[in-house]
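A.B. asks: Residue-level listing of the chains:
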Amino acid sequence: MNQNAQLLDVKKLRIEATVYPPGEEPQKLLVVDDVSFQLNKGQVLGLIGESGAGKSTIGLAALAYGRGGCRITGGEIWLSGRNILTAGAAHTRKIRGGQVAYVAQCAAAALNPAHRILEQVIEPAVEHGLMSRAEALIFASSLFEKLGLPDPASFGNRFPHQLSGGQLQRAMTAMALCGKPALIIFDEPTTSLDVTTQIDVLAAIRCAVRDTSTAALYITHDLAVVAQIADDIMVLRNGKTIEYGCTNSIINRPQQEYTQRLVNVRSIRKPECAGQKDEALRLQNISACYGNGVTVVDDVSVHVHRGQTLAIVGESGSGKSTLARTITGLLPRRSGNTVFFGDKLPPKLKDRTTEQLRRLQMIYQMADVAMNPRQTVGEIVGRPLEFYFGITGKERRARTAALLDQIELGQCYLERYPAELSGGQKQRVCIARALAAEPDLIICDEVTSALDPLMADGILKLLMDIQQRTGVSYLFITHDIGTVRAIADSIAVMHRGKVVRFGQRADVLSPPFDDYTDLLLSSVPEMRLGWLESVLSKRERKGHTDEPQH
Amino acid sequence: MLRHLSWTARVGLVGVVTLAFGAVFAPWLAPYEQTQIVGEFWEPMSRAFWLGTDQLGRDLFSRMLYGARNTFFVAGLATLLSFSLGVFLGFSAAVLRGSLDQALSRLNDLLMAIPTLIFALVVLSVLPITMITLILVMAILSSTRVFRLARALAVDISALDFVEAARLRGEKTLWIIFREILPNALAPLFAELGLRFSFAVLFLSSLSFLGLGIQPPEVDWGSIVKENKDGIVYGVPAAFLPAGAIAVLTISVNLVVDSILKHTSSLKGGRG
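Protein chains in written order, with the numbering used here: chain A, 5 to 554; chain B, 571 to 842.
Hints listed in this document are in silico derivations from the structure and should not be mistaken for laboratory results.
For clarity, every value in this text was computed on a predicted model and none was experimentally measured.
One or more of the hints may lead you astray.
[Unchecked claim] Here are the simulated lysine-lysine pairs, DSBU-like style, with alpha carbons at most 30 Å apart:
| # | chain 1 | residue 1 | chain 2 | residue 2 |
| --- | --- | --- | --- | --- |
| 1 | B | LYS832 | A | LYS348 |
| 2 | A | LYS354 | B | LYS742 |
| 3 | A | LYS15 | A | LYS98 |
[Claimed, not checked] Selected chain A positions facing chain B (Cβ under 7 Å, derived; list incomplete):
| # | residue |
| --- | --- |
| 4 | THR332 |
| 5 | THR358 |
| 6 | LEU361 |
| 7 | MET366 |
| 8 | TYR368 |
| 9 | VAL373 |
| 10 | MET375 |
| 11 | ASN376 |
| 12 | ARG378 |
| 13 | GLY382 |
| 14 | PHE391 |
[Said to hold, decoys possible] Footprint (simulated), chain A over chain B, 3 or more residues, beta carbon under 8 Å:
| # | stretch |
| --- | --- |
| 15 | 722-732 |
| 16 | 737-748 |
Note that CB positions come from ideal geometry on N, CA and C, so glycine has one too.
Chain B with its partners taken away, still in its complex shape:
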């Protein structure tokens, strides 16, 4: 399996696996508690503090590990939710057409017309910020993009004869969506999934940076950047480490997705 992967895919895989490993095993890997103040503020990297300390003197490496947990969990769940929602509604709109399609599509346009970040800021400043509201808001906002893609794909596919044949057989809408259309739309949807996950990570980080994302004492990469941003003025690199981690994660995910995409489209000689 690994033999077939290109070097870019291997690089991506190494990046994703390393970060995911850190996230999963954070409590065992972290040398200190995430909220424990263990030294002076903004200490440089040393044997005791591998990545130095933050603005309150907490170990940055431990916080990065715990932050990875939240970032992965929230962004991942929001992406999966947005896909389930967007794909299901998009396919339904494309298969059923008519007034349902109109209603869903126009509602979708309405949501897309409002800048995502501003919309999220408004909603989150009204609602109590919990992990669940955060995930739901992110999922619904990003499902608009998925809806568009899914609908466009499904409209294309449902014009093909094999979908017509299924209709003539008298198949139910759900069968057409899940058995006829979905398998043929997987490749482009998968590519979008990788991209959307990257965007979700960035979006969550922006929200946390603005103080509306993950709330203390919980921590994620965006909030670490926020807490340590003042250090940049004094030449302290603490803010760049989580920022770098975000960049590495998004790039790695996309490298992996690209290579999986290449494999699935050659598989069974299906539609690319």
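Isolated chain A, as found in the complex:
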């Protein structure tokens, strides 16, 4: 085989796991089924698919590692001309961290909080005897510089808790690069980051991979992101290859129906709302702070009309979730007024009447923890009916079943527990629970950000259907501009606790922009080739023209 060009050759890979459903016989589950691909030196392959598609499992298999009871039961993985599955433990140990490196999704959890960054970054290189400690130290600070980390000489002396999310992810990339590996596996490296941070990390990864001519497997569920980085893309679903080809043909000429749906995700668009109806909720000069006295929400005034959707956008830490907590009364506001259909809501939750509570419902980001794992779907959805309307017995069951029909789940789900549902189904049940109260306003706190794009699309469509049927208003909190474009009537952009821009969707999303909104909007990955370069070069030009003014 041609060793010069081909670095990694995966042939007919097959990975199995055994699952133990309670009360049933153990079952074998095929996690990865007959997957083959090749990777040349300096090439980047994007693995894409929804959760459970087996993409992380394939990534780890390239390290000859099967996690959580996964067994590699078939196929071959040739790395630099050697089958690593049969090479034995000693060889595997040698290649891990040396020839192949791994960058995990959550750098905050993957780095040891008790050690300084530098020690962790140089550890693989020194352990594998690839370079001396002194060499490694110099190389590490040159990597920090290349990855655009601040103050490269002393950066390594910091502890993980002193870094931001984007810096952690880049530090972890530096750790992977330090051993000068031939192959790096990036497992969703930007998924948990804000869009404005994501773009920096993407640029850093891309430049590092180019300059060191390292090959990479880039695992993600975001096709727009992978289109910026990868040379080839493989689309996976349920452990099987759906489509495999070069990035250009996947993005511009997808052959399979599933790939086409992935490419066209977020094509729903809500029609512009015609008439202005009466106001559902008006926030007047709301300020809020936590116990330590730091103001998190600062003088926010926004409003939403009946039957419409207000999207509150901002990155993490901008105070948007805190704003939701002040509206619900979980965190009493410090000053300002909350006017809900004409009457003022008391700041504290316990001063509000049951009727006020009923009319204002909330849907959470993490559907798994938003439902009591020890209650059935029927109990979860039926409880608001009983609590607010006193409906019990047969009628309650019938009404609950009707609600489940509304969210496109059948009656058969009544007796299920949350653990027996998929992520999208869980979020649907949470929506049904909110609907059961027949509310006038639903606060949706990042309801789609924990879901795969296709599932998220389904949830958004459902929410819009419900709005048309029932005339409910939404307060939609999100960091995802794509979602906002799809469903919002009016938009409020939040930055450091303040609303920097508020108005109708068309006004907010069209220029002239303020600096922050411009940054936020231009950082959203677009589903086209060369987007990253065009944004970066535009910013660089802008930076150059800005400089002389200082």
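Position chain B relative to chain A; hints supplied.
C.D. replies: Coordinates of chain B only, in the frame set by chain A:
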């Protein structure tokens, strides 16, 4: 059901069931009255006296059976009471927070700061020793440990979104405690229940050994050890039999609890 149990759980189950059977049916199983003097003192094991006789010549097997009754009853009731008390107060403190939490937690710290056995000795030497005072004292003293565990668990659980959702719905505190938090805290609480029962058996036995527990003519395993401890010097094993029974009971209970714990945590895929 039995098929799923591991061999350790089966061993534990056999131990617990045997001892409980003896306790429940003591009057029918015992060959002699518990206070009846039927032979010489410290007679060896024989066909007439299966486990020999004690220091006064009473049948040791009969006394062990009656002793099991008291041990099970007092330790069991004290454990249940301590759990009801500790769990309810712990959950309330965690859900309501604020001054109630402070008051309960500091009071709890105060009680825990005094060594349990010494505290019990002082209280029991002042109060008349009846079955009821004994159970109450044991329950209150061991509820401090349960309170801590329950509060810690509930603080964790009440930070989760589904408890917040219940609060937003306007649910009462009691609903939140019993319907939202308790079902999710059962597994660790159950593990603690087994452990606490073992400790209650040991605690009762220590009290009886020191003469402040079950009073004659009533009998429990601790008091049998006490009565027969002098026999050890003469090579009489009478004191070891109840001591062994205590050990077998505590170990068996824990084996059973462990296996139930494994089952409940896999059940419904809930929190382990």
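A.B. asks: If a hint holds in the structure, say so; if it does not, say that too.
C.D. replies: Tested hints:
1. LYS832(B) x LYS348(A): 51 Å, violated
2. LYS354(A) x LYS742(B): The hint holds at about 10 Å.
3. LYS15(A) x LYS98(A): Roughly 22 Å between the alpha carbons, so the hint for LYS15(A) and LYS98(A) holds.
4. THR332: 6 Å, holds
5. THR358: 5 Å, holds
6. LEU361: This hint holds: LEU361(A) lies near chain B, its Cβ roughly 4 Å from the closest one there, short of 7 Å.
7. MET366: At about 6 Å, which falls below the 7 Å cut-off, the nearest Cβ of chain B leaves the hint on MET366(A) intact, so it holds.
8. TYR368: Cβ of TYR368(A) sits 5 Å from chain B, so the hint holds.
9. VAL373: 5 Å, holds
10. MET375: 5 Å, holds
11. ASN376: Holds - the Cβ of ASN376(A) comes within 7 Å of chain B, reaching about 5 Å at its closest.
12. ARG378: For ARG378(A), the interface hint holds, since the closest Cβ of chain B sits about 4 Å away, which is under 7 Å.
13. GLY382: 14 Å, violated
14. PHE391: Holds, about 6 Å.
15. 722-732: holds (count 3)
16. 737-748: As far as the stretch 737-748 of chain B goes, the hint holds, because 5 residues have Cβ atoms under 8 Å from chain A.
Hints 1, 13, counting from the list given before, are not met by this structure.
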